[in-house]
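Novice: This is what each chain is made of:
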Amino acid sequence: MSQLPYPTLTPSSRSIAIGDYPIKKYNAMDGAEIRILYGSEDTNATMQLTYQNITDDLASEFIRHFRSTKGTFERFPVAQEVYDGWDGDTTVGPNQIFRGEKARWRHEKPPTIASVRPGISTVQISLITVL
Amino acid sequence: MAFYSGSNGELLINGQKAARVSNWSVSSNLGVLDTTSLADTDKTGTPGIRSTSGSCSLFYYSDDITLANSASTLINKLIKTKLPGGAPGQAAETELVQLKLKVNDGSTSGKYITGNVYLTSVSMTMAVGDVLSAECSFEFSGAPVEVFL
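Heads up: the sequence lines are chains E and L, in that order. Per this note's numbering, the very first residue in the first sequence carries number 218; after that it's consecutive. Per this note's numbering, the very first residue in the second sequence carries number 4; after that it's consecutive.
Watch out, some of these pointers could steer you wrong.
Claimed, not checked - Some but not every residue of chain E turned toward chain L, in silico, with C-beta under 10 Å:
# : residue
1 : Pro228
2 : Gln269
3 : Ile271
4 : Thr272
5 : Glu298
6 : Ile330
7 : Val333
Claimed, not checked - What the simulated footprint calls covered on chain L by chain E, stretch by stretch (three residues with Cβ under 8 Å from a Cβ of chain E suffice, anywhere in the stretch; the number is not a length):
# : segment
8 : 26-38
9 : 49-63
Derived by calculation from the structure, the hints in this document are not laboratory data. The beta-carbon is built from N, C-alpha and C at its ideal position, and this holds for glycine as well.
One chain only, chain L, in its complex shape:
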């Protein structure tokens, strides 16, 4: 029997381990369709559409050697610049990104949920006394690709 904590957590962005992740969360929901009919006394239902979404926080950190910045990678999937010569309201499409939310349980593969997601929000706040970080929210597009939890 083992408990897991933040030190066992990991986030992979398109297969690459993200650096300086402070937290991630994932939530899966099922919409139940109402099938209650006249003369019923209690609500009945049938499974509807599932949805999975989550969030993560990453410090805005650049690796000295590789210059990789995981927060920047995610930010750039959502925020796009205006197309050259295009209208002010036209920019490139938001990119799909594969996230793997992983729990290192001591096994080779660990426990994980992997899916193709769209970043739905990214926020960053620069403040005196705080380390710059990015708060990201995402929503799975389709069912998770792999689930091993």
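For reference, chain E alone in the conformation it holds in the complex:
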């Protein structure tokens, strides 16, 4: 199965934890702290998306997409609709919320789907960036 595009649906809530630079910290015997920077980009940003009360058909798109990315294995770009409501930059500039076009997301864990009533579900997606 080839990779399907991420569903073009605006989430009802979005939570992003900006990634950090890869750093190693060492403490000398006298207590002095030494930090070594191992990369030039921050990474491992995470994003939690909630799609509240959507139809089961739309919820199925997330299942199909998850399977098309071989679960948590493959990387993929998310749809622009994921950033709806965010006025800052998404791909470039100092206010960007993830690391430019280099960044690709992958599923951090399988989507969870809660059935609300017949035909209506709430889907939660957890993503993590990888450079």
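Once you've looked at the hints, dock chain L against the given chain E.
Specialist: Quick look at chain L alone, frame taken from chain E:
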């Protein structure tokens, strides 16, 4: 064009007309599920679960001939005695009862809403100067069986 008042009201319990009903009320509600998404400026929704409930008041009245007591009929659907030989906390299940809340509009069938309900509360107060009556609240189990309003 006609208005209706208490004199046009009627309550049937399992198909039998209840005696000495002083009032009934019914209320239907729809829970709207929120579908508001990011970048929306106004709340949007989709229909969720409906619920119907109501209440009625009946005088605690015994018919001299039939000895029927409509208030007692409803009370006994909710209040159950301990099972013989059973533990103190074990009694028979609350019974489902069919209520028909009717408006006699002059037609043969009248206007009505019928449903299977569970009594959710029954209260009675004995007081000097007051006629004993039962205040009952009920909740429909499932959608109404018949609605003709």
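Novice: Compare the structure with each hint and give your call.
Specialist: Hints and how they fare:
1. Checking Pro228(E) against chain L: minimum C-beta separation of about 6 Å stays under 10 Å; hint holds.
2. Among the interface hints, the one on Gln269(E) holds; its C-beta lies about 6 Å from the nearest C-beta in chain L, closer than the 10 Å criterion.
3. With a cut of 10 Å, the hint placing Ile271(E) at the interface with chain L holds, because the nearest CB-to-CB distance is about 7 Å.
4. Satisfaction of the interface hint for Thr272(E) is found here, the shortest Cβ-Cβ separation to chain L being roughly 8 Å, below the 10 Å cut-off.
5. Evaluation of the Glu298(E) hint against chain L yields a held restraint, the C-beta minimum of about 9 Å falling below 10 Å.
6. Checking Ile330(E) against chain L by beta carbon gives a least distance of about 15 Å; that is not within 10 Å, so the hint is violated.
7. Contact between Val333(E) and chain L, as hinted, is supported at the beta carbon level, the nearest pair being about 6 Å apart and thus within 10 Å.
8. Check result for the segment 26-38 of chain L against chain E: holds, 3 residues qualifying (beta carbon to beta carbon below 8 Å, three or more required).
9. Under the rule that three or more residues need a Cβ within less than 8 Å of chain E, the assignment of the segment 49-63 of chain L holds, with 3 such residues.
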